[in-house]
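Novice: Protein chains in written order, with our numbering: chain W, 4 to 557; chain C, 4 to 557.
Hints are not guaranteed to be accurate.
[Said to hold, decoys possible] In the DSSO-like style, the derived pairs of lysine-lysine whose C-alpha atoms are separated by at most 27 Å in a straight line are: (1) C/Lys8 / W/Lys402; (2) C/Lys345 / C/Lys8; (3) W/Lys198 / C/Lys345; (4) C/Lys7 / W/Lys198.
Hints in this document: simulated from the structure, not taken from any laboratory.
There are 2 protein chains.
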Amino acid sequence: MEKKKILVLGGGFGGVFAAKALEKLGRGTLEVQLVNNNNYFVFQPLLPEVASSSINAADAVVPLRQLLTNVQVRQAQVMGIDFAKKAVTVMQGARMTPVELRYDELVFALGTGVDLARIPGMADHSLTMKDLTDAHMLRTHVIGCLETADVTTETLVKDQLLTFVVVGAGFSGVETAAETRELIRRALPYYRNIKPEEIRMYLIEYAPRILPTFPGDLAAYATKQLEKNGIHVLTGIGTKSATSTGVELTNGRIINSSTVVATIGNGPHPLVQQLGLDLHWGRIKTDRYMRVPGHDHVWALGDAALIPLVDNPQEDPADYATQTAQFAVREGYQLAQNIVAKFKGQELKYFAYTSKGSLASLGMSKAVADVYGVKLSGLLAWLLWRGFYLSFLPGFAAKFRVGVNWILNSIMPPNIVQLRMPPPATRYIHFWKGDKVFEPGMLIDGFYTVINGSFKLTIDNPETGEHFEKVFGPGEHFGERVLIKSELRTGLVEALEDGLLLFIAQKDFTRFARAFPFLDQYFKEYIEKTFGGPDKAFAPGNVAAQQPELEKTP
Amino acid sequence: MEKKKILVLGGGFGGVFAAKALEKLGRGTLEVQLVNNNNYFVFQPLLPEVASSSINAADAVVPLRQLLTNVQVRQAQVMGIDFAKKAVTVMQGARMTPVELRYDELVFALGTGVDLARIPGMADHSLTMKDLTDAHMLRTHVIGCLETADVTTETLVKDQLLTFVVVGAGFSGVETAAETRELIRRALPYYRNIKPEEIRMYLIEYAPRILPTFPGDLAAYATKQLEKNGIHVLTGIGTKSATSTGVELTNGRIINSSTVVATIGNGPHPLVQQLGLDLHWGRIKTDRYMRVPGHDHVWALGDAALIPLVDNPQEDPADYATQTAQFAVREGYQLAQNIVAKFKGQELKYFAYTSKGSLASLGMSKAVADVYGVKLSGLLAWLLWRGFYLSFLPGFAAKFRVGVNWILNSIMPPNIVQLRMPPPATRYIHFWKGDKVFEPGMLIDGFYTVINGSFKLTIDNPETGEHFEKVFGPGEHFGERVLIKSELRTGLVEALEDGLLLFIAQKDFTRFARAFPFLDQYFKEYIEKTFGGPDKAFAPGNVAAQQPELEKTP
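Only chain W is shown next, with the shape it has when bound in the complex (with noise of 0.2 Å):
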């Protein structure tokens, strides 16, 4: 008999404890694959001890391959499902190329997706805490802001550098504000220019309390204890708007600060939007058995199915499995054994399983835990964390390394290495009235365009007391003497308005505009219309001279 095809899409909680239980339970008869965006597993609950650098990023994830032995893994991107052909497009390898899939049964289990657009700004310039690389992206990121601190002499530079803001309470949020201050505190003693006062940081909860899973006492014992970390607990208040520079609460008030981490805004993934399937609060409504109506052969589970608890679900969140780890580890046990059922021609069981609690790390060797109706609080509730997080983490090694390095980092320095990702080369930059987008004297990093408001252009030339204006509006543009040298900026741009640029990045916008005559001509004829040619410099000093050579064409 021809092996059955179970073809098994992402490869978090839900779907690798799926295809685990599909490879043990269908052995012989099942040819089971995994695919996923990455070659490794993330141990989602441990993201927030990577962003303060308790485990090494390596530690907090598992190879696929090597939880999933007898699993086909296939590190690829999913583009498309054609439920009538059973087949599944996805795209492999650095070039992109297309694969197609077969499969006889089909998991669905690609979690959620990040949506931030109700926020204006929120998109563009807050980290998120979903992956990985957000973590190692929030680590680098909050190093970086002691590193300038220590040395900027520009007071406002400073407060903002040293002024961190967390976007929502729940699990993610409090444990990314608790472990994030550990970190700042233990960096600390190597940052002389810094002193600890100088620290702020905001947690913002738009519910009227933290930690809404968890009975009250828990919470407020966890508000307490934040706020004796130094962590400001603002409950009852949403974020309006995000710039470069801050928060705007909608409350009015403005969070000057260069870290704004979102950990609100679980949206549908991008996927699932397309396929026409039946969604409700943006995931796919199943039935009690995890099947996708109206497809035979398609499963859902984990974060990105509504997978209803009762006959008759109503309106009521506690009528369909929380979309926590606990449960899609449960969800895939349970949806192995019924696609095993199905092809024995046996009966189907229905998901069922109760919670069996909460547990929520507050730094500083202290949790909140809700076990089994038993509540605990302090150091105990946080050996019993840190124990439950080991035993679950699967794979021997990936325990073994991660006990090792939580041992290692407490009696180690702290590791304060910053490990910097390029920035991307195009960015949308939001900025609100009275914003600077650049002063005289900043190097010159890149060309703007106005997507929507008005930027004032002021050019001021002391020596020879020439001065310059120019107001820019939407679908025009600033910045393109970087064409012609690198140098400092010599002029200040301000908004007049609220309003959006897009940001390209010096080197990526000049090997664009060289090697595309169309472009090079164009800005060639705006210089000279506009700044009256390309020598008029406007440039005070000499700096200029000993600025980096613009890259070569090759």
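Starting from the structure of chain W, add chain C where the hints point.
Specialist: Using the frame of chain W, we list chain C on its own:
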């Protein structure tokens, strides 16, 4: 008495050991500041171990602030030096703000740069092994090759993915090849569709033998050992050109490979060339005290400096200090003593040092060593290698972490987690005559402009029988239909002669073209004129409908 300001530029072996000694010898009288691009010191000899996952990226480096607790460490980029004013301009922070730093004595320790310009395509298509990011990228790249090779069905693609080329067989080249080979060997059991005999690795050296600084018999042993490990050692052969699909050797042979690591091409640091200093072999000439002639308060050491060991040095490298960590460390001590002696009006001392020997790891627990004239090879040399570098690694925390990770790594499954970095938005891609740029069915990934050469686009629609052909020369472009929809390539583009393209990733290109009305208009007209309008799809099938949505302008 006011403290004298000593400014050290560069945080490699030379800069760090000079700063450490200056701080110690000059405590109370000197104010030492060190400027470095990264906030960590890179222990270069361990970079190949990072590439092979033997140790974590963070463990091959030490935070400068933890190494130099009484030195002001400034993470910033050196932009220019005004010798007359005794001032250095650096750029710091995310916004690259310029800061002027005054000095009484300046220590130049910025090391060297990489210059691969002599070999067409090499700079754009090879990985290097100079810093931590390089090692991290090599590791990520190698694991990515295994991931794709495991799931591809195309033999040619698989061959290319499983062929690895290391150019240059000095220490860095030999150790990089050996360690990468070891990573692949250990990872392979987890890639079920790759057979060990499908892996090919080449080590290419222009000189008649590898490890030129070692005695001939040790080099011969090393060659035998590397060959035994499955690395083809090609000596007396150079590289002529490189593209994204392989390297061309000086003997005319072409090796198809997705991975080329260049450990050759040491060039001067980019800043050095602009300073008007006396250079020889791209290095700053100093006197025997490490002072830079003609500049009373400037010193140089490490790889950046050419320090004579004799009074009348000839055109013989042996007359100068060699560019190794061993020498740099001794130079740092001596330079610190000389600066302190200068302030005290005491006599300066010549720099004098004789190498204690060399060590090179060959993988598989083998190494070669030539220490105090004693030649060793095999396991004993390898243990000496590990012991020596562990003792040499500055700071107890670093030693402990590396030691623990060496042990962990030897008993645990290899770490095959692929922590990907986003590819750069723009890149130059070289092609040999006949190379394909893309083929029908590939995901549209970006826009191409021809820098030189000529490229032919062919589109055939089997359903309608339509045929379209166009040749593109310098300044012309293709791939602009990415602006209209995100779909699969319908055409084939081939190089009609050797050529160079500038590639711009879809996301960045569409953001720019849409934000910039002038460009938007240009492409609308171009598409109309060239293809007869945006609806002329040339698209086989309906996969396009399932592609992810194009990003919306916020």
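Novice: If a hint holds in the structure, say so; if it does not, say that too.
Specialist: Structure-based check of all given hints:
no. : hint                : result
1   : C/Lys8 / W/Lys402   : violated, 49 Å
2   : C/Lys345 / C/Lys8   : holds, 14 Å
3   : W/Lys198 / C/Lys345 : violated, 36 Å
4   : C/Lys7 / W/Lys198   : holds, 26 Å
In summary, the structure is inconsistent with hints 1, 3 from the numbered list given earlier, while agreeing with the others.
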